[in-house]
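Enquirer: The chain contents come next:
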Amino acid sequence: MELFRETNIDFLGKRRFTLGLSVLLVLATIASLIIKRGPKWGIDFRGGAVVYVKFREKPPVQTIRTTLESRIPGEITVQELPQSQELIIGTELKDERSLDEARGIITQTLQERLGRTGGKPDFNNVGQQVLVDHLREPLQRASVALSEQDLRDLVAHMLAFRDRERSGILNNFKELSGVPGVTPAVISTLEQELALAPFNIRQVEIVGPKVGADLREKALLATLYALGGMLVYIAFRFELIAGVAAVVAIIHDTIITIGFFSFLDREITLTVIAALLTLIGYSMNDKIVVFDRVRENLKNRFRGSLKALVNRSINQTLSRTMLTAGPTLLCTIALYYLGGPVLNGIAFALFIGIVVGTYSSIFVASAILVAWQEYLERRKKARGSAVAVPVSNVREAPRKRSAKAVK
Amino acid sequence: MNRATKATIIFGVILISIYGVLAWWREGRFLGLPKNRAQLAENLRENIRLGLDLRGGTHMILQVRVHEALRSEADTVMERLKEELRKARIDYAAMDRNEPARVEEADLIHIMIKGVPAARAGDLRGLINERFGAWVLTAVSPTEYRLNLRPTELIALKKETVERTIRTLERRINSLGLTEPVIQAHGPTEKSFQILVQLPGVDDPARVKQIMGTAAVLELSEVKDGPFASPEQARAKHGGVLPLNTRLVPEMRRPGESGEAWYLVVRTPVITGRDLRNARPGRDEFQKWETDFTLGRDGARRFARFTEANVGNRLAIILDGQVRSAPTIQSRIEDSGRITGAANQQDASDLALVLQSGSLPAGIDYLEERTVGPSLGADSIRQGVISGVVGLVLVITVMLVYYRKSGLNAVIALLLNGVLTLAALCYFEAIWTLPGIAGFILSLGMAVDSNVLIFERIREELRSGKGVVAAVEAGFDRAFITIIDTHVTTVVSSAFLFIFGTGPVKGFAVTLVIGLIANLFTAVFVSRTMFDFALARQAQVRTLSI
Numbered sequence: 001m002e003l004f005r006e007t008n009i010d011f012l013g014k015r016r017f018t019l020g021l022s023v024l025l026v027l028a029t030i031a032s033l034i035i036k037r038g039p040k041w042g043i044d045f046r047g048g049a050v051v052y053v054k055f056r057e058k059p060p061v062q063t064i065r066t067t068l069e070s071r072i073p074g075e076i077t078v079q080e081l082p083q084s085q086e087l088i089i090g091t092e093l094k095d096e097r098s099l100d101e102a103r104g105i106i107t108q109t110l111q112e113r114l115g116r117t118g119g120k121p122d123f124n125n126v127g128q129q130v131l132v133d134h135l136r137e138p139l140q141r142a143s144v145a146l147s148e149q150d151l152r153d154l155v156a157h158m159l160a161f162r163d164r165e166r167s168g169i170l171n172n173f174k175e176l177s178g179v180p181g182v183t184p185a186v187i188s189t190l191e192q193e194l195a196l197a198p199f200n201i202r203q204v205e206i207v208g209p210k211v212g213a214d215l216r217e218k219a220l221l222a223t224l225y226a227l228g229g230m231l232v233y234i235a236f237r238f239e240l241i242a243g244v245a246a247v248v249a250i251i252h253d254t255i256i257t258i259g260f261f262s263f264l265d266r267e268i269t270l271t272v273i274a275a276l277l278t279l280i281g282y283s284m285n286d287k288i289v290v291f292d293r294v295r296e297n298l299k300n301r302f303r304g305s306l307k308a309l310v311n312r313s314i315n316q317t318l319s320r321t322m323l324t325a326g327p328t329l330l331c332t333i334a335l336y337y338l339g340g341p342v343l344n345g346i347a348f349a350l351f352i353g354i355v356v357g358t359y360s361s362i363f364v365a366s367a368i369l370v371a372w373q374e375y376l377e378r379r380k381k382a383r384g385s386a387v388a389v390p391v392s393n394v395r396e397a398p399r400k401r402s403a404k405a406v407k
Numbered sequence: 001m002n003r004a005t006k007a008t009i010i011f012g013v014i015l016i017s018i019y020g021v022l023a024w025w026r027e028g029r030f031l032g033l034p035k036n037r038a039q040l041a042e043n044l045r046e047n048i049r050l051g052l053d054l055r056g057g058t059h060m061i062l063q064v065r066v067h068e069a070l071r072s073e074a075d076t077v078m079e080r081l082k083e084e085l086r087k088a089r090i091d092y093a094a095m096d097r098n099e100p101a102r103v104e105e106a107d108l109i110h111i112m113i114k115g116v117p118a119a120r121a122g123d124l125r126g127l128i129n130e131r132f133g134a135w136v137l138t139a140v141s142p143t144e145y146r147l148n149l150r151p152t153e154l155i156a157l158k159k160e161t162v163e164r165t166i167r168t169l170e171r172r173i174n175s176l177g178l179t180e181p182v183i184q185a186h187g188p189t190e191k192s193f194q195i196l197v198q199l200p201g202v203d204d205p206a207r208v209k210q211i212m213g214t215a216a217v218l219e220l221s222e223v224k225d226g227p228f229a230s231p232e233q234a235r236a237k238h239g240g241v242l243p244l245n246t247r248l249v250p251e252m253r254r255p256g257e258s259g260e261a262w263y264l265v266v267r268t269p270v271i272t273g274r275d276l277r278n279a280r281p282g283r284d285e286f287q288k289w290e291t292d293f294t295l296g297r298d299g300a301r302r303f304a305r306f307t308e309a310n311v312g313n314r315l316a317i318i319l320d321g322q323v324r325s326a327p328t329i330q331s332r333i334e335d336s337g338r339i340t341g342a343a344n345q346q347d348a349s350d351l352a353l354v355l356q357s358g359s360l361p362a363g364i365d366y367l368e369e370r371t372v373g374p375s376l377g378a379d380s381i382r383q384g385v386i387s388g389v390v391g392l393v394l395v396i397t398v399m400l401v402y403y404r405k406s407g408l409n410a411v412i413a414l415l416l417n418g419v420l421t422l423a424a425l426c427y428f429e430a431i432w433t434l435p436g437i438a439g440f441i442l443s444l445g446m447a448v449d450s451n452v453l454i455f456e457r458i459r460e461e462l463r464s465g466k467g468v469v470a471a472v473e474a475g476f477d478r479a480f481i482t483i484i485d486t487h488v489t490t491v492v493s494s495a496f497l498f499i500f501g502t503g504p505v506k507g508f509a510v511t512l513v514i515g516l517i518a519n520l521f522t523a524v525f526v527s528r529t530m531f532d533f534a535l536a537r538q539a540q541v542r543t544l545s546i
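Residue numbers (my numbering), protein chains in the order written: chain A, 1 to 407; chain B, 1 to 546.
Next up, chain B with everything else stripped away, as it sits in the complex (with noise of 0.2 Å):
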């Protein structure tokens, strides 16, 4: 290769990258370099992402619960059975599913069906077999029989799970107005049903937990009786036992209100979250904030024909397994209701977002959350623009005094390598955050390390009594090796990095590894080439100012 070809190569390769920096650059097509200072501006701002610990915002890890997914899905199995076992006219004396409490024993969920018949076997299995294939039977005991999920239907169940939850909170998300969100899988799904969210410049991290971690699960039933003080008084007036598809509700406790209330509620809801078609803000007669709701056509019906059937009754508003409100039926009620008790405009309009953006199918926790206020990740990123460019004004210095007129070549070489991982990292739409920085300051100071390699090199060559070409040759030469093995190990360290690192250790590894591929290239190939150029200009080269 000749120097001319080299040059072209180099220019080639610097105009390409100057280009990923400074274009228009969006979704992998190219819109144009910028045409003004602001264009300019818009596009830096666009091509170098910065993380959320560079810009602000916040980034958060929950898990689903999928166990109350599991346990509900067991829970309306068993009213669906209970219900055919009536029909088929297969008596037993119990059935009762267990309690998973965490999510590593969502997978042992199963119901128990005590007292079956002998005779009746049988039935029982065919029953099950033909309606319930999700579902295997195992006999304990000649009388007792144990349902457990297939091991298919739980992994599915549990996907499903996890992807609503997904779905239901990027709906969430959306309706909030947020910029830019990611709501993702995070980790082994299979194992962990984890997501990660991550909000860039999120203002106000508390309320949006709030809003992503309410249910929403909605219910309005008719109320049997209430309220009662406590559990044990509804139970005492009803002779010990609650009646037939019945369950008690507490009431939501309003700030400064005291002791409990307790209604007894028809277990099987008139309407549910999923029949609302609308919900958003409202007052009521008094000026108080409440979220009104209107129901779709069918639900509107259904709900018609409930209000009309139970006039002078009482219906009880359920939100999350708490009673709202319970207010007596006074008329038909087509297809409207309202949800009274909010504290204010921005809780009455929340309830409506979710309300609106469905129920979550489990709860959620919060296993970690990070939230970064804009004027740190401004400071930082000033501070680490401050002590770079110093950082940098120093090395160039002692590069120029040790080497003179070759440590020119090192800081060209070395400026260069930063545009090129600059470039890289625009065209690979990676994301800046400071572990990056950190794999990027190594990479840097691993260029300054090469140079020097070789500039040793050929001083010793000179030394040596060696020609000046020769010298620059067999510095070259001999530096490459060491250079090679030191940038390989590196690299294999990063790969492992890379594959068994977390988020920030990750970011570490790949910039860390561009930064030394953009080495290469310029410490060696650049730096020789421009050395190549300063020694051709003299016909009898006898100094060299190194």
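Okay, chain A solo, but in the shape it has when bound (with noise of 0.2 Å):
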């Protein structure tokens, strides 16, 4: 099978207006960004406190939401997850202290409202240690004969079928009965000595407003890091403005998919930053690979104007720039869909920046290079100086002839 053979599309023809298109974008989202005062950080660098909690049905999030308001000193948000019954609840607050308070006042919260435990401990929400020692004498009293040992691994097993079989939350204690050592002596004793909340706390976080800053700081410095390492590598092996446009094209990439977690009001957080990472090593391949067949033809000694050059390279590569990107949106599309909540972010970045990737290895990198060699031309044309201007590090590439072409 082959989808694009010999094919001959004029990609550069119309780099006016899709450089155009770009800077819109590139604008878009700078406005957006300015609108909403810059992006939307994640608890992980913003500092505050973010309890995630799954719910066995609907969520009550007005009251939950107007509950904890009355609590606690600070701006709670409280965010639903689409398609699971998850809530995300979180506040900002200035130090670390206040942060720990907070976390406890939601999760009692929680309890007081929804758990309905009448103070025994609750199930979905317990430890192991707690477990065991809880579980200790009621379980002796009926005469279920347990070594400790025995008595760990049972509540082990219990726990390990609640998390993985359950997502974490139990509705009945008979669901335990397929569990090994769980007899209907261990259930009854179950059902006396704890309750059931109708909730599952999944995730605790608490970062310091110090540490937030200080992460933001480190990830975007080794991010500039990297593209600057990239940028010296391919000035040494292609040219200087290669270099150039393969990082700004990369920039671009990153900014406009940056703009869209603004537009759509997603969290960038420190698995979102991954995935940016992800992005701009799969960006950085996709223009090394025109890049690498524009050289290659400079070798040859391609005859035309080095934007029919660079034309005719992006087509020599269009078939594999699909066959790369198109795979690859499908398993971002699945990762969408399939990967749950914390993948969610990853996917979507994923997605975006690989669409945007791919179009600007085509449309801003290569037209950069292109429009670079026609200012070029057009400067020493009109100091009318037979000055040789480098196109590549091949030295015999024909610039006469592609001067000519070009006006």
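Treat the hints with care, since some could be wrong.
[As the list claims (entries may be wrong)] Simulated crosslink set (DSSO-like; lysine-lysine; CA at most 30 Å straight-line):
{"id": "1", "chain 1": "A", "residue 1": "Lys120", "chain 2": "B", "residue 2": "Lys288"}
{"id": "2", "chain 1": "A", "residue 1": "Lys120", "chain 2": "A", "residue 2": "Lys58"}
{"id": "3", "chain 1": "A", "residue 1": "Lys210", "chain 2": "B", "residue 2": "Lys506"}
{"id": "4", "chain 1": "B", "residue 1": "Lys506", "chain 2": "A", "residue 2": "Lys218"}
{"id": "5", "chain 1": "A", "residue 1": "Lys40", "chain 2": "A", "residue 2": "Lys218"}
{"id": "6", "chain 1": "B", "residue 1": "Lys159", "chain 2": "A", "residue 2": "Lys94"}
{"id": "7", "chain 1": "A", "residue 1": "Lys218", "chain 2": "B", "residue 2": "Lys159"}
{"id": "8", "chain 1": "B", "residue 1": "Lys506", "chain 2": "A", "residue 2": "Lys40"}
{"id": "9", "chain 1": "B", "residue 1": "Lys159", "chain 2": "A", "residue 2": "Lys210"}
{"id": "10", "chain 1": "B", "residue 1": "Lys191", "chain 2": "A", "residue 2": "Lys210"}
{"id": "11", "chain 1": "B", "residue 1": "Lys191", "chain 2": "A", "residue 2": "Lys94"}
[What the hints assert, rightly or not] A short list of chain B residues far from chain A (calculated; beta carbon distances all over 10 Å):
{"id": "12", "residue": "Lys35"}
{"id": "13", "residue": "Glu170"}
{"id": "14", "residue": "Asp292"}
{"id": "15", "residue": "Glu308"}
{"id": "16", "residue": "Pro374"}
{"id": "17", "residue": "Thr502"}
[As the list claims (entries may be wrong)] What follows is a set of in silico ranges between Cβ atoms, one per label pair, in the way DEER data are often shown:
{"id": "18", "chain 1": "B", "residue 1": "Ile499", "chain 2": "A", "residue 2": "Val23", "range": "16 to 22 Å"}
{"id": "19", "chain 1": "A", "residue 1": "Lys94", "chain 2": "B", "residue 2": "Met252", "range": "24 to 30 Å"}
{"id": "20", "chain 1": "B", "residue 1": "Asp75", "chain 2": "A", "residue 2": "Asn171", "range": "54 to 60 Å"}
{"id": "21", "chain 1": "A", "residue 1": "Gly118", "chain 2": "B", "residue 2": "Glu260", "range": "41 to 47 Å"}
{"id": "22", "chain 1": "A", "residue 1": "Ala142", "chain 2": "B", "residue 2": "Ser175", "range": "29 to 35 Å"}
{"id": "23", "chain 1": "B", "residue 1": "Ile499", "chain 2": "A", "residue 2": "Arg379", "range": "25 to 31 Å"}
Derived from the structure by calculation, the hints contain no laboratory data. Glycine is no exception: its CB is placed at the ideal position from the N, C-alpha and C atoms.
Dock the two chains into a complex; use the hints.
Expert: This is the structure in structure tokens:
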């Protein structure tokens, strides 16, 4: 099967239009960032406390919100995750100590409002040690003879069942009956001694404002250094302008991806940063493939303008571009729908990034290369000097011809 | 290199990889292959190490309040200095230290001595040089002096504070019986004084935080007067000034108690936490929970002497700057005591635990806490695996449909890449985290891309009229240059991410680089060798399934 055989599309003919589109998108991003006062940083970077809670049935968002607002001195956000009965409850406060207290208030409020545990430990949110200590005597009374090790194993099995098979929430203790070691006597003891709250606290993040700012700075610096390193390597292997064109195009990709996060009010968390790094690597890969072909065609004494040469190089690599981008996009779609809430952000960033990155390899990086060459040619003509302008590190490139063809 | 050698190398690498993933491989030693399914499962669990974000657990970063340690060091020195000055009969009007309130201000710690007669300046200087070598004396005015810690002493003291905190935290966490905890200095020690604590699968992070954060400074001091309703009241009774060598300590309020109570106690305690030999939870005569302690030999002797001489007086049991109780001494006590006021059994045993593990040299602040519940970790893994498999099947389908038999080549190279990366991470004992998986996915993406590059190139060469063998050769040679460029660029950027990035970013970089190196081997070397074998089987190759 071959989809792209000997194509000859004039990709660079409309470069004014495509570069304009890119500039427009970048400006839209900047405008959105200004209006929304910067990107919507996740708690990792902003500092704050977040509790992720999964519920058995649809959670009473409004009750939770109003109760918490009266108890916590600060803004409360209660966000529902789409397609799942999960809530993200967050608050931003100035110092670490009050964040810690806020976490305590959130869990306590949930227990009071929804738990109905009657003072008994809640099996859906209890830890192993507490459970072992709490069950030791009642099980003995129910004449379930267990050694200390047996008891530990039993509790570990029950908790593993809760977490792996039921995503942390049990509706009924009878569900445990398939677990090794769980007899009817054990179940009736559990029913007597423990409660089952209709929710499970899945994740807690508390990041002090200082650490948040620090993390943000470090992630940004590392990315900038990485881009600088790539620029130097490409400048060394190809030419300085190629390095600049690639890095400009990648910054363009990153900005627009961040723009989509801003347009859709998605949070930028530490995992999203990992996705951004991934797409920088992916996008750079794409650009090098095109540049590599340009370099090769230059070596082979291509006859025609640089624009025509670059255009031909893009056409030659089009098949591979599409074949790499296509399956990768399919993978990100799979990740988006099947990967769950944690991987969802990664998948979103990758999807946008791959589309924009593929676009920018052709319409931004290559266009910059051609635009720069044309600028040099024009300047040379204006000065009327005979100084050779390097097109590439291959000195025999047919420069005179290309100069004629451009004008 | 002929085909047989290449094939041998490839099989060798595959075997070593599979061995690395499956074998029992602990602390640098191979302990053999698994003998049954249970062992296999256990080996896989041990070899493929999951980060806290995948297996569940608590990750914390805390900061040691080193300025507190410096403040108390200055206090000790001031007590000693006053004593020495008295002995040497050097007069002074006042002595005080400053209050560095934040970690960043710790280095500013100093002691001011005012009103020293100008004639005794030389004696003071001599005394400091001889007895307080860690401190430097500077004259601010003819009668006023400032004492600063030497820079080397400052560094040593701060370092020691962090190290002692780490040791104490280790003891506390170990006695909680948590498995595989990580407690280590985080970031540059001389600047940030941070400690990283990672507790896999911890049940109750709030309780662990409470236990780790308790300073556990225990003091038993003689009560001079009290209780008073306020510090002002206490001062008023003593003519506005507190008696020499005493201080005011508030009593701990229990839930339901209102108002305040302050005791005037002797500044130097009879017994401190260091004199403890043992502590354990117990119940008093009313079945209320308390923490009982026993003293070491030295402490017991001192305590016996003190209680014998002070029958009828009161003794304050002070924990972390709060009076827990102030009982009257009924008779001589040898070596035991108790701290009342625990809310429940857990409270009492937690207090026993922190007392046993010794006090913290300074308070700690929690800068960061991330707790991932076990159910979320399990869900993340399951969903990640499902979407990974779906993605893989999609990619394999596209490759097979589009490149037919050559696509099979790519699929084998891709799967092999996965195995090699997995094995390398096992051998390096690296930890899989979510960002690490992102790096792995990128490297697999680049693996597919390498194959696509090669195949497209071969097709192009075939179109330009070359024979099959020549086209395969040219295709690999040309594509190799591109592959090297893309890979080296990514490795360069990953190196920067590794050097300058924080934990998660580092994990991303490590798996990515390992995946890329594996890819150079599989996509270029292995795939090429498979083509060689396929082409060699036919005497005259006319067609290629691509």
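Enquirer: Hint by hint, say whether it matches the structure.
Expert: Hints, verified against the model:
Taking the CA atoms of Lys120/A and Lys288/B, the gap is near 20 Å; set against the 30 Å cutoff, the hint holds. In summary, the hint linking Lys120/A to Lys58/A is supported, as the alpha carbons are separated by about 24 Å, within the 30 Å threshold. The hinted pair formed by Lys210/A and Lys506/B meets the criterion: a straight-line CA distance of about 21 Å does not exceed 30 Å. Taken as a hint, the Lys506/B and Lys218/A pair is honoured in the structure, with Cα atoms around 12 Å apart against an allowance of 30 Å.
Restraint check for Lys40/A and Lys218/A: the C-alpha separation of about 18 Å stays at or below 30 Å, so the hint holds. Proximity of Lys159/B to Lys94/A is assessed by CA-CA distance (about 29 Å); at most 30 Å being required, the pair is judged to hold. Proposed proximity of Lys218/A and Lys159/B is supported: the alpha carbons are some 24 Å apart, at most 30 Å. Note on Lys506/B and Lys40/A: the hinted pairing holds, with a Cα-Cα distance of about 23 Å set against a maximum of 30 Å.
At roughly 22 Å between alpha-carbon atoms, Lys159/B and Lys210/A fall within 30 Å of each other, so this suggested pair holds. Proximity of Lys191/B to Lys210/A is assessed by CA-CA distance (about 14 Å); at most 30 Å being required, the pair is judged to hold. At most 30 Å may separate the alpha-carbon atoms for a hinted pair to count; Lys191/B and Lys94/A meet this at roughly 23 Å. Remark: the non-interface label on Lys35/B is consistent with the geometry, its nearest Cβ contact in chain A lying 22 Å away (cut-off 10 Å).
Every Cβ of chain A is farther than 10 Å from the Cβ of Glu170/B; the closest lies at roughly 19 Å, confirming the non-interface assignment. For Asp292/B, the non-interface assignment is confirmed: its Cβ lies about 20 Å from the closest Cβ of chain A, beyond the 10 Å cut-off. Listed as outside the interface, Glu308/B is consistent with that label: its C-beta sits roughly 41 Å from the nearest C-beta of chain A, beyond the 10 Å cut-off. For Pro374/B, the non-interface assignment is contradicted: its Cβ lies about 4 Å from the closest Cβ of chain A, within the 10 Å cut-off.
Residue-level check failed: Thr502/B sits 5 Å from the nearest beta carbon of chain A, not beyond 10 Å. Remark: the range hint 16 to 22 Å for Ile499/B to Val23/A is contradicted by a beta-carbon distance near 34 Å. For the pair Lys94/A and Met252/B, the beta carbons lie near 27 Å from each other, so the given range of 24 to 30 Å is met. At roughly 58 Å, the beta-carbon separation of Asp75/B and Asn171/A lies within the given 54 to 60 Å, and the hint holds.
A hinted range of 41 to 47 Å for the beta carbons of Gly118/A and Glu260/B is inconsistent with their spacing of about 35 Å. Separated by about 31 Å at the C-beta atoms, Ala142/A and Ser175/B satisfy the suggested range of 29 to 35 Å. Taking the beta carbon of each, Ile499/B and Arg379/A are about 39 Å apart, not inside 25 to 31 Å as hinted.
Going through the hint list in order, the structure does not satisfy hints 16, 17, 18, 21, 23.
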